[in-house]
Each structure stands twice: as structure tokens, then as C-alpha cells.
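Novice: For the protein sequence lines, the chains are C and S, in the order given.
According to my numbering, the first sequence holds residues 1203 to 1598 in order.
According to my numbering, the second sequence holds residues 566 to 931 in order.
Calculated directly from the structure, the hints in this document are not laboratory data.
Every residue gets a Cβ at the ideal spot worked out from N, C-alpha and C, and that includes glycine.
Possibly wrong hints are sitting among the right ones.
[Unchecked claim] Which residues of chain S face chain C? A partial, calculated answer using Cβ under 10 Å:
(1) Phe584
(2) Pro640
(3) Ala646
(4) Pro656
(5) Arg681
(6) Val718
(7) Val812
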Amino acid sequence: MTEIVRIYGRGLTGLFLGLVAFWMALLIVAPQLSMIDRAFLYQDRGGETAMLALEIDRAYQRVFQIDQELELLRAAAEPDPAAAPSAGAAPSAGFGPSAMSGFGPGAGAPEVSADEAGAKIAALGQEKRLLQAKITELEAQETNTSGEAGMEEVYSLDNFTSMSAVHFEIFLATIVYAFCVTLLAFCACYPVAYAVASSDREGKVAVLMLGLVIPYAINELLRIFSWVMILDKQGLLNVALDTIGLIDLDAGEGFRFVASNGAVFVVMTYAYVLFMVFPIYNTIETLDRNQVEAARDLGASVWRIHARVVIPHAKPGIAVGSIMTFMLSAGSIAVPEIVGRGLHPDWFSQVIYRRFFEADSWNQGSAYSLALLAACIAFILITMAIFKVGIRDIAK
Amino acid sequence: MMRGKDVTLQGVSMRFGAFTAVETTDLTIRAGEFFSILGPSGCGKTTILRMVSGFLQPSSGEISIGGEPMTGRGPNRRPTALIFQNLSLFPLMSVRDNVAFGLEARGIGKAERRRRADGLLEMVALSGQGDKKPTELSGGQRQRVAIARALAVEPAVLLLDEPLSALDLKLRQHMRAELKQIQRMTGVTFIYITHDQGEALTMSDRIAVMNRGRIVQVAGTDEIYGRPANPFVATFVGEQNVFRGRVKRLEGDTVAVIETAVGPVRGINRDGLQSGDDAMIFVRPERVSIVDPETDDGQGNRLDAEIERRDLEGPFINLFLRAGDAPLALHMPNAGDAGSGLEGRQRIGFACEDTVIMRAGELARD
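Put together the whole structure using the sequences plus the hints.
Specialist: Take a look at the structure:
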């Protein structure tokens, strides 16, 4: 501390510390506290106001849908049909199924004749006006009753205890999944890290390191999508199998690699491989090469050399890599959503996402994510205790 | 009691790309002897050691241990054990586990491992230290753990790669005696790599001196010191006074007179030089003495030299003199106050039979 003051002077040190404190307070402490607060704050969704709010939400959603349909109908009625969007081109940028569902009713629009379209536009306009009137009424009602009836907020554990059995199963499964991903990542990374760390040639190390770093200069989502291209039914892997004659794609043969947990594991392993490789590489690099030779000279097999000499030495690095990979995969939402396509067993991160943005229950979502965080930390501490790795080893 | 085996190198050479680390070499190391390979750094001695241990495969030739060819056998399948320069103990294992590691690798049961490891620790005077970590031991103790660990696998040949170089002087001298004793006790063939001629001379039965990938002399310690084969061995092993010159005339079959910058010097002409040949003259500093001009009998070589410095090295007094342009060293035993009043110009002398004449060649750099 005094060292920092000596180097940068009081003013600059104060600025650094102030910025760090500001950053910690604003980006770490405040959101966490708010999340914890929400997690323990139970909203009674059965109350009158809650029902009102739900009804208003639904009305707004329907109005939005009507607007979309009207737009499509009008576009279809335009003289230039080339401008009409086809159903297949419906944008689907969002992750959740909800983003898709809004476009459902408009799918058949280009088929109808001009007269029918006119009638439909009129009907929809009518419905919209009715809905808007209803919304005004409901909102007035909400303002009147607010604070008296309905939305009761009390501190309790209900957000946690009201977790359904299905969600709880997913919760436990997710920890197992994340553990599997961590294990896979370790199996993939350890040999690479060992090979790179024990390579003598400067050039070889540089090439291997570049090979690991360059893919990580690409956006994570792109990396995931590229895997979808490989694993898809019409993807590169099936095409390759088709080319060498193992399967016949034209006859409808082909493996559905995506939308399975296996694919999710593989892609996730790939997505977080770097976080595993570097810590292990760093620790193995500090291992005295003579120790490996000494073990070999004393007659140890390759397996024993690794089990007794290399892995014990690399343990802190393995622990750091595993913690990062485990935490990242337990919380990953992009990989199970994109690769899983809702057809694979759910991950808890997806459940949390839906709690927040589909069930519109931020409090329960907070409770779920807090539970996941706590469970992950507990799991890590237990694993560290089993493998006899201390916090101090990791700090080294 | 373990049994040492002999090691034979037949036409062995080692090349790394264009660089030849070890020139074609034939060498036989007898079973149960303490054999040192001595040479400056980069002379190829460690390469020979690594070829014998199996970490390197020779570019040509064959290595046999106990008559069995070792070609294609990895280090884990040879009857050798290597003690590394930095010892390379396993820092995360206890001392006992370190010693028992080779037994563990051979699938020996836990109780038996423990019994044998404790026996070896007792042999190297470390009983009761088995549960400690290597880092908790002193340098000398770690050294002994490394020896016990290597001996645990009952090797026929123990290879030592300058294992004493990290120790301080006192400990090094103590460990020399200990290593020698362990070698006698176990009967294992020791191949000891060092650049320290003192270590090689005190411990070895025989020494091979290496230079630039070539073994230049293999002999017993007395012969290496007393009858070095060439100027390199003469100057690398022990200290020497060196004069360069040209053969002026021969006196019979064994003696020649060399014309040097400090005047004519008479010595033993072992290389059979002819008149006019380039020559080098070697005299050990302990063979040079100060001559009292009053009682001088005039036998042997005489020079006048100026004393420049006097170093006291306990039992010896080292005088550094200058005869004309040539530096000259003189070691005399410290007999009371002898030499304390010496200064200025002195007459020094050395016997003709202590003066070795060799064909001019490469000297060791110091």
C-alpha cells in the first residue's frame, strides 16, 4: 500500500482507490444486494392487484400482436407483392419461444384476397379499440386499489421454498452437468497444457498459444453458432459422414447432434476451454523438468509420472481452471439456448431466464439465481476439500 | 549388497543437428569402480551420462551394461539410477515417499516399501526424518535423500551429475568422503560427472578427462595428475606453471633443453620432440622452491623472479612471482614462519625430472 503511494503519489493513489471503490459499489455490491433483497421479498401473486396487473399485461401483449398483424395485412394489400414479407423470413433474433409466438397468427396473411383483408383489418381495429378502452379502465382501477389490496410484499423464504419439484430437479441436474463440462474440459486441456508447457521449441509454443487465443478473439455467440453449423442435421459433420459414405443425407439419414446434452457439453467445453488451459499451463510450466525425468529414471510409468508428480504439482492451476469453467458453465445461458433449442434437458440458467422475462417474477428469479450461486460455491468448497486444495495454494 | 556392473561404450557418438556433442568414443567402465568424467562445461560429459541413463539415444554405436546391449531401452528399463545436479527430489512427497518412489513404481507393497525406505534412510544417517518434506531438510541431508532414493531401486550403475555443486565447501568435502564410503559399501558402479578436478581426484578410482566432445585421457588419479597425456589435461587437472619455447638441443633420449623467454630450461622430453619443434614446459607449483644462493648446488633449472603477492592458504603458502614477462606460481608448505619474510627478488629452482616437456597444444582455459 505504502509502496503504491510512493510510486504514484497521494493524489493518483486516491483516484485509483476511489475508482475501484466506486466500481465495486456500483457494479458488484449494489446489484448483488438488490438481488438478495428481491430474493427474500415475496410477492403474493394471488392478490387482486396482481391479477389486475396480469390482465393489463395480457391486454398490452394482445394490442402489440394486433399491431403486428395489421402491419402485415397492410403490407400484403400494397400493390407491389415483392415487399410482402414471407412467413419464413420472420425475424427471430430473440432466444425465448415468446419472441416467436407473436408472429404466429400473421403467417397466412399473403394468401387472403383484398376484400377479406379489408374486413379483417376492420375487425382487428375494432378489437384494438376495445382493448385500449379496457386497459384505461383497468389501469384506473389499479391506481385506486394499489396499496390496499393485492400485491403484498413480505420478507420470507417463500421464493425459495415455492420452487417446484421439476425446477429443483433441473437445479440439481445443472450442477451435475456443469461438473461434467468441467471434467470434459479438464480431460481436453490437461494433455494440451502439458504438451505446450513441456515443449522446448519457442516456435511450437507460440503456434499452440496462438491457436488457443485466436478463436477467443471471436465473439462467444459466433463461436457457438459455428458449432451449430457443424453439428446441425445438414451441418458439416453430417455432410462429411455423407461424403465418406457412412450415411446418406438425401435419404434423410443423418444424426441429430444438436439439441442434445452431449452437444451442449461439447460446445460448452469448447467455449470455456481457454479458462482451463491457461491456469494448468502456467502451473505445469513451473514444474522442474528434471522431476519428470527423475520419476522416469526410477522406473515410473507415464501414468504414474502424471499421477504422482505432474498433477500434484499442477493442482492449484487445475483448481483455478475448474472453478472458472464450472462457474461459467453453471451460469451459461447462450449455449443451452442456441445448441439445445429447447429440445434437450433444461439447464437451470434457462429456468432463471424464464422466471425473469417470461413468468415476470423477478423476485423468484433472484431467489433461483441466488440459490444457484450458493450451491455452486458450496460445491466448489466441498470439491476443494476433497482434493485437498487450499485457498492459499490457489493464491500462489 | 548390491552388485555393480560394467558399462561399455562402443563407437558411441552423439550429434545434435550439425553440432557434434560427443565424438566417436570407446570406453569401458569396470564393474564396481568409482569412475569420474571430468571436463569443462560443454565438453559433452553430461551427454555421455544421459546416453548411459537412456534419456538420449546415441547417434551411432552401442552402450552395454553388464554385457547387455541397451539400445532402444528407455531410462525406466535400465539398471541405472541418476542423481540430478539439482537433486530433483519430489517436493510434495515426504522424504520416505521420495525414497520409496522407485519401489512404488515397481509395484512393491506398502509395508515392504516402508521397511526398505527406512533401512536406506538409516544407511544415509537420516533415520527418523522420513515424515518430513524435503524442503525441511538441510542441503547435505537432501543430498543423502537423493542418494537413498537412487539406491532404493538397487541399480547396478549409479550416475551422478555434479550433485555436490550446490553445496558449500565444507559440506562438499564431507560429502565426498560419504559418497566414497557408500560406493565401497554397496559395490555399485558409480559414474560421476564433474568439472571440479578436486572432487574427481579425491573420490575416483579412475578418471576420464574430456574436452570438446572427446575423451583425452583415461587413467587412475595418480597418473592423471602425475603424467598428464597432453597440455590440456596438464593444465585442467591441478595447477601448472607453463612456459612456451622451442627445442634447442637434445641431451640423450630423455632430456631436452628448451629455449624460452626466461632462458634455457631443461626437462624430460616425453613426447620425443626433435630439435626446433614447438614445445610447452609444465612445472607444478609445489615442485618449485626458493633456493638460497649461498648453498645452491646448481642442479636443475634456476630462474630469478620478483615476488608480487603472497597468499596464505592455511597449510600452504602460495607465492606469485614474475620472471621477466612470465608469471610463476610457487606453493610451499607452511612450516612455522617460513616464507613470512620473503620479498623482492629471489632465486628459484625446480628439478629437471619435475619439468615435463610436451608438444605444444591446447591448454585448458581458466
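Novice: If a hint holds in the structure, say so; if it does not, say that too.
Specialist: Going down the list of hints, with the structure as the test:
{"no.": "1", "hint": "Phe584", "verdict": "violated (15 Å)"}
{"no.": "2", "hint": "Pro640", "verdict": "holds (5 Å)"}
{"no.": "3", "hint": "Ala646", "verdict": "holds (6 Å)"}
{"no.": "4", "hint": "Pro656", "verdict": "holds (8 Å)"}
{"no.": "5", "hint": "Arg681", "verdict": "violated (14 Å)"}
{"no.": "6", "hint": "Val718", "verdict": "holds (6 Å)"}
{"no.": "7", "hint": "Val812", "verdict": "violated (51 Å)"}
The structure is inconsistent with the numbered hints 1, 5 and 7, although it conforms to all the rest.
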